[in-house]
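Please take these sequences and the hints and turn them into a complete structure.
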Amino acid sequence: MAVGVKVVNRPGSLSQQMFLPAIAEGLGVTFRHFMKNFFGNVTGRRAKTDIATIEYPEEKKPYPERFRGLHRLMLRDDGQVRCVACMMCPTVCPAHCITIVAEEAPDGKIEKRPKIFEIDELRCVVCGLCAEACPCDAIRMDSSEHAHPTYRRVDAILDKEELMSRGTTSTAVQGGVGSFWREKVTKAPQTPPSGDVAPHGPPGGPTPIASADRK
Amino acid sequence: MSTFDYGGTGFQAIEAIVKILFMVLGFLMPLASILTWLERRQSAMMQDRLGPKRAFIPLPRGKRLYLWGILHFVADALKFIKKEDYVPSKAHKFLFMWAPIMSMAPALIVAAIIPFGAPLCWGESQQVVGYDNACSHPVGLQIARLDIGLLFYFAISSLSVYGATLAGWASHNKWAMMGGLRASSQMMSYEVTMGMAVLGAFLVYGTLEPGAIVEQQSHILSFSNWGSSWGIFMQPLGFILFLTAAIAETKRTPFDIPEGEPEIIGYFVEYSGMRFGLFFLGEFLEIVTSSAIMVSLFFGGWHWGKAIDSFLAEFFTAHIPNINLYFFVITKGFLFSLFTIFLWSIKIFVFCMFQLLIRWSLPRFRSDQLLRLGWQRLLPISIANVVVTAIVILVAQSWSR
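Note that the protein sequences, when read in sequence, are chains D and W.
The numbering used here applies: residue 1 is where the first sequence begins, and numbers increase by one.
The numbering used here applies: residue 1 is where the second sequence begins, and numbers increase by one.
What the hints contain is simulated information worked out from the structure, not anything from laboratory work.
By construction, the Cβ of each residue, glycine as well, lies at the ideal position given by its N, Cα and C atoms.
Wrong hints could be hidden among the right ones.
[Claimed, not checked] 27 Å max Cα-Cα, derived DSS-like pairs, lysine-lysine: (1) W:Lys79 <-> D:Lys48; (2) W:Lys53 <-> D:Lys60; (3) W:Lys79 <-> W:Lys53; (4) D:Lys36 <-> W:Lys347; (5) D:Lys36 <-> W:Lys53.
[Claimed, not checked] Just a few of them, taken from the derived set where beta-carbon distance is under 8 Å, the chain D residues facing chain W: (6) Gly26; (7) His33; (8) Phe34; (9) Asp50; (10) Ala52.
Dropping the structure here:
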């Protein structure tokens, strides 16, 4: 007996063979549950019962805060799409559900914008990589909405307007800080250190992400 | 005396028809139908769920009558009726069509011998018929007062095995066949135990007629006259054996080998629509009738003990007036009898709930365990019970003589 084997001698004792004590015990357990749930339900004190049912159309279980849900495309201050058609999201997408066709933007500073931006929500695996890859906060997955049920598969493919209808203006700086971000960051007014320890980690050291993660 | 006068042939025929209609349409079928819903609701509560509660009748002005979901059995019946009545192409058509009825009908037929209330006083307007039968011509609340009584119960209820077996055979399906065979072996094994368990009660009360047995159990527990106590105190072991065998006869979960959802689906695997519904309803009818037999044999029928019975009889004599409709006088005795029907049905209801509780609490037996339990445990115990009961009664009789 290499593995730990417990030898059970059957039949067991007389009381075990009679079944009756065990049956009475089992009936007691189920009866207790029944009485508690029944009277709690009848007297309207659902909270005190053990009932785990959520009566769906009337009651809904709140989603967790970080539930992703359907995509949305964020907007600029003037209501145009923030996306610059950089193709980061279709590249990173493991399910190949994002289709982008770029065109020239009338605004010379931005150069590109999506002519077609379609996401097939049936193929999407809701991994959130597209939102992570996006450099300009254009695509987000924080709508907390399910993919809507449709009668045709075509209807599950969301186009640019549909995705933008869910979007809002983003607070991120359009176009980022730019290639001279080091200068801009050092020029930015810093809070004077109060005491020896800086509020955001050790002074002058590299980013403390690794050590924070380890915690 | 004309035919339709009190006590005449026509009167007796009408009386019997009224009692049959009450028993079948007024008690058995409604209770069995409601049990189909109650089982789901009760088991849900036992498992921390809510159960079906959504069926409703739309009322005017957009209101809905829910009644806690009781109407689910109506919805189920409508669904069953609307479904296709499918017959497999190689099935034996005739037997396939008749098997569900053959498995349901015995449960309705055995209800004929069940006493369901105190005898009714028809002619006399003043008296209350209590436990002491003060009425000169009582109308017994029992459809048929047969002297063979319980033997009739065994004879008819053992016919329901034909329903299961023929359903399995006629379906032309191997799994159904297995289920039918298992049903026959199981029901035959447990009928023996059931008969032996009843034999004990027969020895104690000296009759096989359920009405007479109920009449004797007028006290809950009497120390001066043992024979008038409830059967549960005279035959506790007999009650447990009968309960076990009765649950096995209904083919429900601790003994659901013939159905065996995890393995062979069962003898009704090919059935759909209302024919399946008849098997389903038949199971619940068997629960009700076996509960009624148990109540009659071991729990005093409509009796709730001498104190409560005599209190009720005096209460009805003293405080309830005769209700004078212009064509007919509803007497105190009449109302008292109707009230005893209510008291009786409380007991039946509790027993049905108890059987549902058992069905949703216990795990199922394996086939070999089931037969071993039936033949090697319950049968010897029930025979020993009969022998010991006979010896005790013999000793007690010679002692008192």
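How the hints compare with the structure:
For the suggested pair lysine 79 (chain W) and lysine 48 (chain D), the alpha carbons sit about 36 Å apart, so the restraint of at most 27 Å is broken. Of the pairs offered as hints, the one joining lysine 53 (chain W) and lysine 60 (chain D) holds, with about 18 Å between alpha carbons and a cut-off of 27 Å not exceeded. About 17 Å separates the Cα atoms of lysine 79 (chain W) and lysine 53 (chain W), which keeps this hinted pair within 27 Å; it holds. For the suggested pair lysine 36 (chain D) and lysine 347 (chain W), the alpha carbons sit about 22 Å apart, so the restraint of at most 27 Å is met.
Using a Cα cut-off of 27 Å, the hinted pair lysine 36 (chain D) and lysine 53 (chain W) holds, with the two alpha carbons roughly 18 Å apart. Interface hint at glycine 26 (chain D): satisfied, since its Cβ lies 5 Å from the closest Cβ of chain W, which is below the 8 Å cut-off. Interface hint status for histidine 33 (chain D): upheld, as the beta-carbon distance to the closest one in chain W is roughly 5 Å, under 8 Å. Checking phenylalanine 34 (chain D) against chain W: minimum C-beta separation of about 5 Å stays under 8 Å; hint holds.
Because the beta carbon of aspartate 50 (chain D) sits about 4 Å from the nearest beta carbon in chain W, less than 8 Å, this interface hint is met. For the restraint placing alanine 52 (chain D) at the interface with chain W, the shortest Cβ-Cβ distance is roughly 5 Å, inside the 8 Å limit, so the hint holds.
Hint 1 from the earlier list is the only one contradicted by this structure; the remaining hints agree with it.
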